[in-house]
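*Asks:* The chain contents come next:
2 protein chains.
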Amino acid sequence: MTVIGKYPFQLSPQDCDFREQVSLPALGDLILQAAGKSADENGFGMQKLNTANRTWVVSRMAIEMQRFPKWREWINIETWVEEVGRTSTTRHFRISDEYGKEIGGSSTLWAMIDVESRRAIDLKTIEGLSEAASGIPAVIDKPGRVPSVDGGTKKTHNVRYSDIDFNQHANSMKYVEWLLDSFSLDWHQNHYIKRFEINFLHEVLYGDQVEIFHKQDKMLSLFEIKKPDGNGVCKMKLEWQ
Amino acid sequence: MTVIGKYPFQLSPQDCDFREQVSLPALGDLILQAAGKSADENGFGMQKLNTANRTWVVSRMAIEMQRFPKWREWINIETWVEEVGRTSTTRHFRISDEYGKEIGGSSTLWAMIDVESRRAIDLKTIEGLSEAASGIPAVIDKPGRVPSVDGGTKKTHNVRYSDIDFNQHANSMKYVEWLLDSFSLDWHQNHYIKRFEINFLHEVLYGDQVEIFHKQDKMLSLFEIKKPDGNGVCKMKLEWQ
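Chains W and V, in that order, are what the protein sequence lines are. For the first sequence, position 162 matches number 168 in my numbering, and the numbering has no gaps at all. For the second sequence, position 6 matches number 12 in my numbering, and the numbering has no gaps at all.
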């Protein structure tokens, strides 16, 4: 068992936005990749779960960056499990540059479900997982409950081929892309994402049309994505500076 | 000078579509990354050109795959320059799996322009480039002239933050994404891309609204993207089986 897994990534052009810095969805993808690698290495990852018809689902995520690294930079993502409860477990991340200097962090909350019944699995029954609980806290505040959007603007999006991942659901980082696409290049040029938080509610499928609600209050952005039947898909909060 | 550069890539979840196989735009990105690395290593890449206010532009590209590799696989992309003329140069690619077995290839045509005047640079004046011309042919047919779309369907797309790359133009692989998003999951599930060809015409900027024309003739798809002023952005051809 490796309590803290450490994974290096070099930022490719496709990870970066027009400022040549890693985009938030690409960074989120790398964080989720690090989580997957660490879980696989410790025997409770998707490689093993797939055969048991179970899957990890992330329910909350927060990312805070002091600096968004640039194209060609190597970054290290260190990750560890803090606590394991019956229905949820916390996994944290420390992001550092190639010299080891901390440039940001992430904190996530996960559950495990049975693929068919969609019911939660008791995490205490998962081999190796409780042993991985290190008690090491996150380097940033844990993700909280993101408030609903009251009022604001609305746009719609049809879930398409390029939105869909292995589970045939929209990839969770696509929600972040839809969010960022709501801001002009000028806004992106002049503002910096201090903290991002997301609560995942229900998954969306290919062909679904979703409604994206957005309320902006100075440097605080609240987003809520809903299905037309009113079921929530996710809620997101961005703090800019 | 390394005549044939060889670059390994491991396919990440974000490179892959719902079938867990590399998507065409992600594969195209890796091919362009290999081109960039090879040019940089031989002294005529973007790292050097940026300081001289010049840039490479790809004008035509073809990709043919016998098999689309899967998530977690390592692939090797070998690349070399075949010929160097005054206004264009050919660069080819051989894609192999981790055992060295060829699984596909690509062939591209490039020009170099002055960033400010947008005029072509005489490639014979570029240090090291003519020496890199290996005369080694492509492993697939070179990209030809893609016909215009006559009739068919039309949809529009507004170029947004997530479409834009370093040059503040829409990333060329986004055109491929828009194209693939025109097909249902069911079509993708049941068809295989045999050959892809693209001709690049004019770049599009953030905020531009483009028109995407599509004509389907059995297993042949023709696409043409235009600006509202009628200027062509690109033409694409897909052969399915």
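Possibly wrong hints are sitting among the right ones.
Copies of the same chain look alike in the list, so a pair counts if it works inside one copy or between any two.
Unchecked claim - Derived lysine to aspartate or glutamate pairs resembling EDC-like cross-links, with alpha carbons at most 20 Å apart:
{"no.": "1", "residue 1": "Lys130", "residue 2": "Glu70"}
{"no.": "2", "residue 1": "Lys76", "residue 2": "Asp171"}
{"no.": "3", "residue 1": "Lys224", "residue 2": "Glu70"}
{"no.": "4", "residue 1": "Lys161", "residue 2": "Asp214"}
{"no.": "5", "residue 1": "Lys161", "residue 2": "Glu70"}
{"no.": "6", "residue 1": "Lys12", "residue 2": "Asp46"}
Worth flagging that the hints you see were computed from the coordinates, not collected in a lab.
*Asks:* Now look at each hint and say whether the structure bears it out.
*Replies:* Status of the hints after comparison with the structure:
Taking identical chains as interchangeable, the C-alpha atoms of Lys130 and Glu70 are never at most 20 Å apart, the minima being 30 Å within one chain and 48 Å between chains. Taking the shortest Cα distances, Lys76 and Asp171 sit within 20 Å of each other only across copies (13 Å), while inside one copy they are farther apart (26 Å). For the identical chains of this complex, Lys224 and Glu70 are intra-copy neighbours only, at 19 Å inside a copy versus 49 Å across copies, given an alpha-carbon limit of 20 Å. For a Cα distance limit of 20 Å, the shortest separation of Lys161 from Asp214 qualifies both inside one copy, at 14 Å, and across copies, at 18 Å.
In this homomeric assembly, Lys161 and Glu70 never come within 20 Å of each other (Cα to Cα): the closest approach is 27 Å inside a single copy and 38 Å across copies. Taking CA atoms no more than 20 Å apart as the test, Lys12 paired with Asp46 passes inside one copy only; the shortest distance there is 13 Å, against 29 Å between copies.
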